[in-house]
Every structure is written in C-alpha cells, then in structure tokens.
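Engineer: With these hints in hand, go ahead and build the complete structure from the sequences.
Take a look at the letters that make up each chain.
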Amino acid sequence: MENILSLLIWLPIIGAVVITFLPRDKEDLIRYTSAGFTGIQFIIAILLWQKFDPGNGAMQFMERYEWIPSLNISYILGVDGLSLPMVILTAMLFFVGVFVSWNIKKAVKGYFALYLLLDAGVVGVFLSLDFFLFYIFWEVMLLPMYFLIGMWGGPQREYAAIKFFLYTLFGSVLMLVGILGLYFTCGKTFDILLIMERAPEALDGALWWGMSAAKVIWVLLFIGFAIKVPVFPFHTWLPLAHVEAPTAISVLLAGILLKLGVYGIIRINYGIMPHEVYWFAGGLAFLGLVNVIWGGLCALAQTDLKKLVAYSSINHMGYSLLGMAAVVAAGAMNGGDLKAAQAGLSGAVFQMFNHGTISAMLFILVGVVYERAHHRNIDGFGGLASQMPVYTGITALAFFAGLGLPGFSGFVSEAMCFIGAFPVFKTIVVLSTIGILLNAAYFLWAFQRVFFGELNEKYKDMPEINGLELFTVIPLAIITLFFGIYPGPYLDIIKATMDQIIEKIAFVATYASM
Amino acid sequence: MTNLQSLEFFVPEIILVITVIAALITDLFLKKSKTDLIGWVLGIGLIVVGLAVINLSHVPPTTLFLDMIVIDPFSSFIKIVIILATLFVIVASWSNHELNDYRKGEYFTIMGIMVIGLFLMASSIDIIMLYVSIEVVSIMSFILAAYMKLDTRSNEAGLKYVIYGAFSSGVMLYGLSIVYGLTGSTNYFVIQESISALDTTASPALVMALLMIFAGFGYKISSVPFHFWTPDVYEGSPTTITAYLSVAPKAAGFAMIIRFFHQIFSDGNALGAGTVGSTDMPWPEILGVLAVVTMTLGNLVAIQQKSVKRMLAYSSIAHAGYMMLALPVISIDAVEAIMVYLFVYLFMNLGAFFIVITVKNKTGGETFDDYKGLGWKMPFVGSMMTLFMLSLTGLPPTAGFVGKLYIFKTLIGAGNSYYWLVLAGGINSVISLYYYFHVVRVMFFEGKRSDKITQPPAIMFGLIVGTAVPSLLLGLYWNPLISWVKDSLIFYTQIL
Numbered sequence: 000m001e002n003i004l005s006l007l008i009w010l011p012i013i014g015a016v017v018i019t020f021l022p023r024d025k026e027d028l029i030r031y032t033s034a035g036f037t038g039i040q041f042i043i044a045i046l047l048w049q050k051f052d053p054g055n056g057a058m059q060f061m062e063r064y065e066w067i068p069s070l071n072i073s074y075i076l077g078v079d080g081l082s083l084p085m086v087i088l089t090a091m092l093f094f095v096g097v098f099v100s101w102n103i104k105k106a107v108k109g110y111f112a113l114y115l116l117l118d119a120g121v122v123g124v125f126l127s128l129d130f131f132l133f134y135i136f137w138e139v140m141l142l143p144m145y146f147l148i149g150m151w152g153g154p155q156r157e158y159a160a161i162k163f164f165l166y167t168l169f170g171s172v173l174m175l176v177g178i179l180g181l182y183f184t185c186g187k188t189f190d191i192l193l194i195m196e197r198a199p200e201a202l203d204g205a206l207w208w209g210m211s212a213a214k215v216i217w218v219l220l221f222i223g224f225a226i227k228v229p230v231f232p233f234h235t236w237l238p239l240a241h242v243e244a245p246t247a248i249s250v251l252l253a254g255i256l257l258k259l260g261v262y263g264i265i266r267i268n269y270g271i272m273p274h275e276v277y278w279f280a281g282g283l284a285f286l287g288l289v290n291v292i293w294g295g296l297c298a299l300a301q302t303d304l305k306k307l308v309a310y311s312s313i314n315h316m317g318y319s320l321l322g323m324a325a326v327v328a329a330g331a332m333n334g335g336d337l338k339a340a341q342a343g344l345s346g347a348v349f350q351m352f353n354h355g356t357i358s359a360m361l362f363i364l365v366g367v368v369y370e371r372a373h374h375r376n377i378d379g380f381g382g383l384a385s386q387m388p389v390y391t392g393i394t395a396l397a398f399f400a401g402l403g404l405p406g407f408s409g410f411v412s413e414a415m416c417f418i419g420a421f422p423v424f425k426t427i428v429v430l431s432t433i434g435i436l437l438n439a440a441y442f443l444w445a446f447q448r449v450f451f452g453e454l455n456e457k458y459k460d461m462p463e464i465n466g467l468e469l470f471t472v473i474p475l476a477i478i479t480l481f482f483g484i485y486p487g488p489y490l491d492i493i494k495a496t497m498d499q500i501i502e503k504i505a506f507v508a509t510y511a512s513m
Numbered sequence: 000m001t002n003l004q005s006l007e008f009f010v011p012e013i014i015l016v017i018t019v020i021a022a023l024i025t026d027l028f029l030k031k032s033k034t035d036l037i038g039w040v041l042g043i044g045l046i047v048v049g050l051a052v053i054n055l056s057h058v059p060p061t062t063l064f065l066d067m068i069v070i071d072p073f074s075s076f077i078k079i080v081i082i083l084a085t086l087f088v089i090v091a092s093w094s095n096h097e098l099n100d101y102r103k104g105e106y107f108t109i110m111g112i113m114v115i116g117l118f119l120m121a122s123s124i125d126i127i128m129l130y131v132s133i134e135v136v137s138i139m140s141f142i143l144a145a146y147m148k149l150d151t152r153s154n155e156a157g158l159k160y161v162i163y164g165a166f167s168s169g170v171m172l173y174g175l176s177i178v179y180g181l182t183g184s185t186n187y188f189v190i191q192e193s194i195s196a197l198d199t200t201a202s203p204a205l206v207m208a209l210l211m212i213f214a215g216f217g218y219k220i221s222s223v224p225f226h227f228w229t230p231d232v233y234e235g236s237p238t239t240i241t242a243y244l245s246v247a248p249k250a251a252g253f254a255m256i257i258r259f260f261h262q263i264f265s266d267g268n269a270l271g272a273g274t275v276g277s278t279d280m281p282w283p284e285i286l287g288v289l290a291v292v293t294m295t296l297g298n299l300v301a302i303q304q305k306s307v308k309r310m311l312a313y314s315s316i317a318h319a320g321y322m323m324l325a326l327p328v329i330s331i332d333a334v335e336a337i338m339v340y341l342f343v344y345l346f347m348n349l350g351a352f353f354i355v356i357t358v359k360n361k362t363g364g365e366t367f368d369d370y371k372g373l374g375w376k377m378p379f380v381g382s383m384m385t386l387f388m389l390s391l392t393g394l395p396p397t398a399g400f401v402g403k404l405y406i407f408k409t410l411i412g413a414g415n416s417y418y419w420l421v422l423a424g425g426i427n428s429v430i431s432l433y434y435y436f437h438v439v440r441v442m443f444f445e446g447k448r449s450d451k452i453t454q455p456p457a458i459m460f461g462l463i464v465g466t467a468v469p470s471l472l473l474g475l476y477w478n479p480l481i482s483w484v485k486d487s488l489i490f491y492t493q494i495l
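Sequence lines, in order, name chains A and B. Straight run, no breaks: the first sequence in numbering that gives the first Met the number 0 ends on number 513. Straight run, no breaks: the second sequence in numbering that gives the first Met the number 0 ends on number 495.
These aren't lab readings, by the way, just hints derived from the structure by calculation. Among the clues, some could well be false.
No farther apart than 25 angstroms at their CA atoms in a straight line, the calculated lysine-lysine pairs in the PhoX-like style are these [to be verified]:
(1) A:LYS25 x B:LYS447
(2) A:LYS105 x B:LYS447
(3) B:LYS376 x A:LYS104
(4) A:LYS162 x B:LYS451
(5) B:LYS485 x A:LYS187
(6) B:LYS376 x A:LYS25
(7) B:LYS376 x A:LYS105
(8) B:LYS485 x A:LYS104
(9) A:LYS25 x B:LYS451
(10) A:LYS108 x B:LYS447
(11) A:LYS162 x B:LYS371
(12) B:LYS447 x A:LYS162
(13) A:LYS108 x B:LYS371
(14) A:LYS104 x B:LYS451
(15) A:LYS105 x B:LYS451
Some chain B residues judged to face chain A by a derived CB distance under 8 angstroms, without partners named [unchecked claim]:
(16) PHE444
(17) GLY446
(18) THR453
Positions of the beta carbon are idealized from the N, C-alpha and C atoms, including for glycine.
Structural biologist: Following this line, the structure appears as structure tokens:
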C-alpha cells in the first residue's frame, strides 16, 4: 500500500485502456467494467481514509519520483485533510455516476472510456503536489469533459461544450503564466511544497510591470480557479454546460469539478501567497456576496428545472467564498480571532463537500423526471406528488437540503461560513442573508409548481422512481442527513490541516506592513 | 579549411548528390506505374545520409570550403529534423492518390535536391552561400508546388510561389548587397567585426539592410507581412508537399535566422544584445511585434476557413509566430526553445496532414463537410486527428504543450519586458483551440453514426502511428529530446 495514491490515479486510466480494447457491442460488459474500476477506486479511497492520521496536518502518503530533471519536474503526490475528503467524494460520485449513466445508449464504449479518464484527471488534481503534474491533470480533464458534453448532451451541446472548453482553457493559460512566474521567482522548481516555503520571501518586493509580483501572480492563478468555481463574472459557461450535459456529467460537474476551483484557491493561492490573502479577502467576500445574490436571483427566474439547480450551484459556491474570505479574521489587525477563521475556512471546505453531495442528488433527481417526461419545464408538470409519492418524498428531502434547512449538512456549513465571516465582513454577511431567502424561495416555489396542484393529464402514467435510481440517491441522502446532525467526523479530518493554513496566514500578518 | 580537406566533412551532402543522380538515372528505365521505386532510392539514400550526419555530429565546429559553410552540432540537429520530415513525406507520397496521374521520378528527385539546399541553408556562414541555398530550396519548392500540372490550383500555387519568392529574394539580395557595401565581406564573422566597428552614420543603411534581409527570411518561415503566398500555395500543392513545406523549410529557415541575426548582429558570441550593432534600432521589440501579429493573424484567419487543408496552412503561420516569440530573446534558452518546438512541430503537423491525405483519398475532398461523422466511420483516424489537434493547440499531455512550455519559459525567464509576449501567446492558443476543435466537432458531433468501421490503408496507418506516438510521448517524457537539444547547442562562433 505504499503507492496508494498512484493507485487511485492510475486505476481509472487502466480502466479506460481496458475499455478501449473491449468489443463495442458488449455494452453490459463495458458498464460492469466501469462499475468495477470505480468501485475498487472507491474502496481504496475508503481504505485511505482509514489509514489517514487526522491529527497530522502535513502531507501524508507522499510519493516522489524524478521526472524531467532538467526542468526540476517531479512526480509528487500527497494527501492532507483538505484533499482527502475531496478524493473520497470524487471516488464516490464517480462510482455512483456509473449507475446514473446506466441508461446511456449511444456509443457506450466511448462514453465510459472518457468517463474514467475524467476520473483520473480529477483525482490527479487533488493529489498532485508538483505544479507541472497539477497542470497536466487540470488540462486532462478538459478533453473528456468536452466530449461528454458535446456527444452525449442535449440540443445545444456543441456550443456548450466549446464554450466550456474555451473558458477553462483561457483560465488555465493565465494559470500557466502564474505557475511559470512562481517557477522563476522561487528558484526554478515546480515542487508546490518547496514553493510554499520559498515564495513569501522570494516574492517579497518583486515587481512585475511595476506592480507587486505576488499580487499579479495571485490574480493570474485566481482567475484560473475562479472560472472553475465559477465566480461571477466568469460563470456564464456553467448554466449552459449543466443544462446540456447528460445527467451523470452534470452530477460530476456540480459535485466535483466546481470544487477544484475552491480547492485550488485554498491549496495554491492561500498556501503559496498567504500574505496576499489579506489584500484580496475583501474582494473575495464581495465576489461571494455577488455569487450568492446573483445565483439566487437567476435561479428564481428559471423555467428549466436543471438550470435552476445549476444557478443554485453558483449561489451555494458563494457561501464557500465567503467562508474562505473569513480566514483574515486570524490576522492581528483584525483582532486575531482564530475561532472565526477556523469556522470560516472549515465551513468553506465543508460546504464544498456538502454541495458535492446535495447538488449530485438534485441533478440525479432532475435526471429521473427528464428521463420520463423528456422535458424539464418547471411549469410543464404539476401534481406529480400524487403520481410519484416516493420520488416526491426524496426530492423534498433534496430540496430541503439544498435550501439549507437545519438538520441537513448544508445548514451546518453555511452557518459556519456566516459565523466565520461575520466579525470581519459584517455588511457583506448581512446582505448575503438575502441569498438564503432567495435560496428558500426558488426551491420551494419550484417544488410547489412541480409536485402540487392538479395532476397534469399527460403524466398520469408516469412510472415511479426505480430501484437503480434510488440506489444512486439514497446513499447521498444518508450522508447529507448524517453530517447535518453530526458533522464531527468530517470536521475532525480537516481540522489539523485547516489549523495549519490559518496559522500560516495569521503568522504572516504579524509581520505585515499593512 | 581548404576545399580538399573539407570533403571529408561533407560526406552527407556528397552521398545525397550521388543519391539524387542515382534516382534520376533509375527513373529513365522505369514505367510510370513503377516510379514509386525512386522513393525507395531516395529514402535509403537519406537513411545513409542520416547515419553520416550522426557520425559527424560530434565533430568540433569547423568551417568548410574556405569558410563558406560550417559543420557544428546545431546544423546536425537541423539536418536530422529535415531528414525525418523528408522520410515521412516520401512514404506518404506513395499513397497520396493526388499524384497517381503523374510520374513520381522527378518528384522524388527534386525533393532530394531540395534537401541539399536545406542542408546548406542550415549551415551557411557566408551571405553568398546563404543566398544560393535559399534559391535552391525555393526553385525546387516552386516545381513541387506546381507538380500536379493538370490541376489549375496546383499551377496557381506554383505561379504565386514564384512571384512572391522572386520578389522577396530580390529584396533580400539588395539588403545583402548593402551589408557587403558597408563591411566589404561576405563572411558572417568578418561582417560582425566590421559592423561593430561602424560609426553611427552608417545606421540608416544598416537598418534598411536588416529589414530587407528579414523580408527574405520572413518569406521562408511565412512570417507576417511576408506570408501572403502561404495559404494559396499550401492549398494548391499536393498535400504531401504542403506537409513538407510547412515543416522542412521552416526548420532550415529558423536555423538560418538564428545563425544570421544571433551571430552578426549581437556583439561577438555574447548572446544578449539589446539593440542591433551601433544602430538604436529596437530589434527585439520589432521581432516581438512581428511574432504577435503573425500568430494572431494566422489564428484569426484560420477560424474562417472552410477547408481543413487551408486551415492548417493558416495554422502553420500561427505556429511560425509562436516560434518567433522566442527570437527577441537572444539567449541560449531561446534557441533551445525554438529547437524543441521545431522538433515536436514536425510530428504533430505532419500527422495532421497525413490525416488530410487519408481523408482525401477516401472522400475526395478536404473541406470540413468531408470530415462529417469521420469519428464514427474511421474511429482510429478520428481519434488520432483529435490527438494532433490537441497537440497543435498545445494542451498537455501532448508534445505541443512542451514546445509552448519552453517558449513561455524562455520569455518569462528573460524578464519583465517579455511578459506581454507570453500573454499574447497564451491568448492565441486559446483562440486556436476554437478552430482546431472545429475539426473534432465535425468529426464526432456531426454526421450520421455508422456501424461500418474502416481502417486506413497500412501505409497511412503506419505513418499516423509514427507521428502520433511522438506527439503524445514527447509530452510525457522528453528527457532524451532535451538532452539531445542541449548537446546540439554548440555553434561555430569563433571570429575568423
């Protein structure tokens, strides 16, 4: 089990290769193979969690190999409290996603090969600790995503696919410039941990175009990540991509791919340039507010159920941004409130996970009704509650989780984000509470329109949610409920790592000349 | 070194000349349908030449033929790139159906002569030799571009090429004559010494000469504003020749530029001069602007193309622009980046053209419509084309990314004043994604699904694999390439 992290990354790649060599008319064999590979990956992820030492905030299970010595590129992997839950979430959602994709009929072989490649890319980003490797995995995700949206998506899929690709590539190009900037300022290395050590000193006083190099690099990297989150105004690709993508891909997009942005900001921006966090936190909190309000308002205006869920993602990621901005509470000039910083950052990281499970549920459930009715027009249904009671019940649960009702995990993390951010950004927090109101409004209003009232005659024979579909939703619902009541286990895993990040940010503040 | 002593180091070119003569004579005894055999003659000859080049690649830098040309590791590197490109193109020519109506004897022979010219371009250190070698290559290219004499577009391509070629080499020759007038010598190193001794009154003449010479060079690498011939010539020529023109002369052209500008106009062999000679000409800025304009124009016009071949023509202008990005930085890093880029570009670009040939052989067309549903009908060809497009865009983990990485690394490493070039290059690769993936979109998202899968013929299959494997592998592991490039970074820099 020495190379457990490599195994997590390479297993799906092997799976993709195996699938390319399977005959393409053996569709069930292909499905079972994918389920097998993602299933084993999920088991390994659980094993990793078992062996993980939550008391240690540093990187664990490190692997390091020489790769391109002339550029100081190495193959470095590691996992800590920030990435472990994300890896488990990824493995779980990819496993669940196989069953969500069970009904894909078109080019099954291509679909699952690309699906597994995407899996490898995502896990790779979470685990790599070398910038070059990180960047490769970051880009490796693009191609499968492009095809999965463009080939198996809805009517506007081609446009959605290329828009997604162009947006993300634009962000990654800026990121590459930032990475190269760090490479040269920090002594020609791509090793992220080494850069973290050297950067504060190396970047101190360095100028790019007469501006502070650290700030320029921060912005370059931030835009790359912000497009993934997506942060307003870089969000326009998201609703389109979500609506056009097949259900399983929407699940993964909302559940994991958006988290890469937040993960990147915390791991890279916070880790490497702790000093600049103070400079940017106000902006970050403001962007969080815009995301919350803008996402909520847009969601309220939607007539397409899937688009509504898509905008709800923008709304929910806003809370995460707000929580992240809260770390500055730890700074001496802000009163050195470590508790608030912890609440905010842990809340942001917890929100990533919770949104991952909740939005996955929502997208699966939208997929269920779309499969039967072939449309997602909110006003086109009505009265489904009497026709599909089980489906209605589970959707109610997902919607309540989505609107942050106490008792569901979403409530805990959103509350933590607010609590953390309140001491520093009072006005912004107060304004963001409007978002919660909007959040409740759009979910409840949609629920009412779809499930209550007269039963639409067209759907009087609509079949109930089936076993396979329930199998994909119920585990997610259980996790949501469990963490809503008892978030302890999750917070224990991340605590040591969060403390380390906060400590670093608090430490630079004592020397800050602000 | 005297002429007689030089012969020993001139073995590759001598073998090449013998090969060309052998090809010419063999052709006399062959029926039209058998002329593919000449390809074998040239191919085997080139392999022997390649071995001879490798054999000589560790000779310390030496001048030959009374300081006309040099042999140094740098020229050996370029020669090997040229040989690889030629070998690929020879094999592709066997199954390029466009050429079926014509005898291929002359075709291969002319290609052989062109290789001699390219070799000399990569190694000349004398402006007369430089001019002669450029002309050898140009004239052979004119003939090859117009090789399909029954095809009007091919004729048009040849004619356009002649006109532009004649014009730009005339301009260049005029520039060279001014340089000779100012310095009294045709040798690079003597010129270099005399230029650094010139006083400022000579500046206007020098600046004018420089711009005129760049017209000739820019024409060879299809840099804006000397690129106008490229799209029409690339579209009209036989596809194999298009592929060849987009790779081999470009490699030799860049070798020539590096030698000429780096050695004459930077002080001594100290790479790193800001301005040219005694003039106050902002040479790096001019080159930077030209590079950005070249790639932007190539990319923007490529978006609007309806033919894949023509799209690739504009894309090759854009790639010339990416390589030119490194030219303003006069350093070893910059040369290294250009060499890496040339090497990876060889595979990805040839690969894309081989797919164009495969599709043309099958459907008879080269517009985007002919690629509809290709991913379903020929999944292998479709997925390999996707790989080449990825690589040309410069996405990891493909070779194209490594090429771009080295270029960007050079620019960022060179300091503040070059960052804007990095941003321009980066944004350009985002633009290029749009049209490269237009092909992918058409192949996979449009057209009808079919259950009948066809594989390309064995030769094309081999060529596609042969270019696809390096296009992917060099993106994952390029240690051997970079150490070879670093070993080849030895120029002949001594002042005579």
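Engineer: None of the hints should be skipped; say for each whether it holds.
Structural biologist: Hint-by-hint comparison with the structure:
1. This hinted pair checks out: LYS25 of chain A and LYS447 of chain B have alpha carbons roughly 21 angstroms apart, not beyond 25 angstroms.
2. For the hint pairing LYS105 of chain A with LYS447 of chain B, the CA-to-CA distance comes to about 12 angstroms; that is within 25 angstroms, so the pair holds.
3. Taken as a hint, the LYS376 of chain B and LYS104 of chain A pair is honoured in the structure, with Cα atoms around 18 angstroms apart against an allowance of 25 angstroms.
4. Proposed proximity of LYS162 of chain A and LYS451 of chain B is contradicted: the alpha carbons are some 32 angstroms apart, above 25 angstroms.
5. Straight-line distance between C-alpha atoms of LYS485 of chain B and LYS187 of chain A comes to about 18 angstroms, which keeps the hinted pair within the 25 angstroms bound.
6. With a C-alpha separation of about 19 angstroms, the suggested pairing of LYS376 of chain B with LYS25 of chain A holds against the 25 angstroms cut-off.
7. With a C-alpha separation of about 15 angstroms, the suggested pair LYS376 of chain B and LYS105 of chain A falls inside the 25 angstroms cut-off, and the hint holds.
8. A hinted pair counts as satisfied when its Cα atoms are at most 25 angstroms apart, and LYS485 of chain B with LYS104 of chain A does not qualify at roughly 51 angstroms.
9. Note on LYS25 of chain A and LYS451 of chain B: the hinted pairing holds, with a Cα-Cα distance of about 16 angstroms set against a maximum of 25 angstroms.
10. Proposed proximity of LYS108 of chain A and LYS447 of chain B is supported: the alpha carbons are some 18 angstroms apart, at most 25 angstroms.
11. Using a Cα cut-off of 25 angstroms, the hinted pair LYS162 of chain A and LYS371 of chain B holds, with the two alpha carbons roughly 21 angstroms apart.
12. Pair hint LYS447 of chain B plus LYS162 of chain A holds up; C-alpha atoms about 24 angstroms apart against a cutoff of 25 angstroms.
13. About 20 angstroms separates the Cα atoms of LYS108 of chain A and LYS371 of chain B, which keeps this hinted pair within 25 angstroms; it holds.
14. Taken as a hint, the LYS104 of chain A and LYS451 of chain B pair is honoured in the structure, with Cα atoms around 18 angstroms apart against an allowance of 25 angstroms.
15. Note on LYS105 of chain A and LYS451 of chain B: the hinted pairing holds, with a Cα-Cα distance of about 15 angstroms set against a maximum of 25 angstroms.
16. Nearest Cβ of chain A to the Cβ of PHE444 of chain B: about 5 angstroms, under the 8 angstroms cut. The hint holds.
17. Because the closest C-beta pair between GLY446 of chain B and chain A is about 12 angstroms apart, greater than 8 angstroms, the hint is violated.
18. Contact between THR453 of chain B and chain A, as hinted, is not supported at the beta carbon level, the nearest pair being about 15 angstroms apart and thus beyond 8 angstroms.
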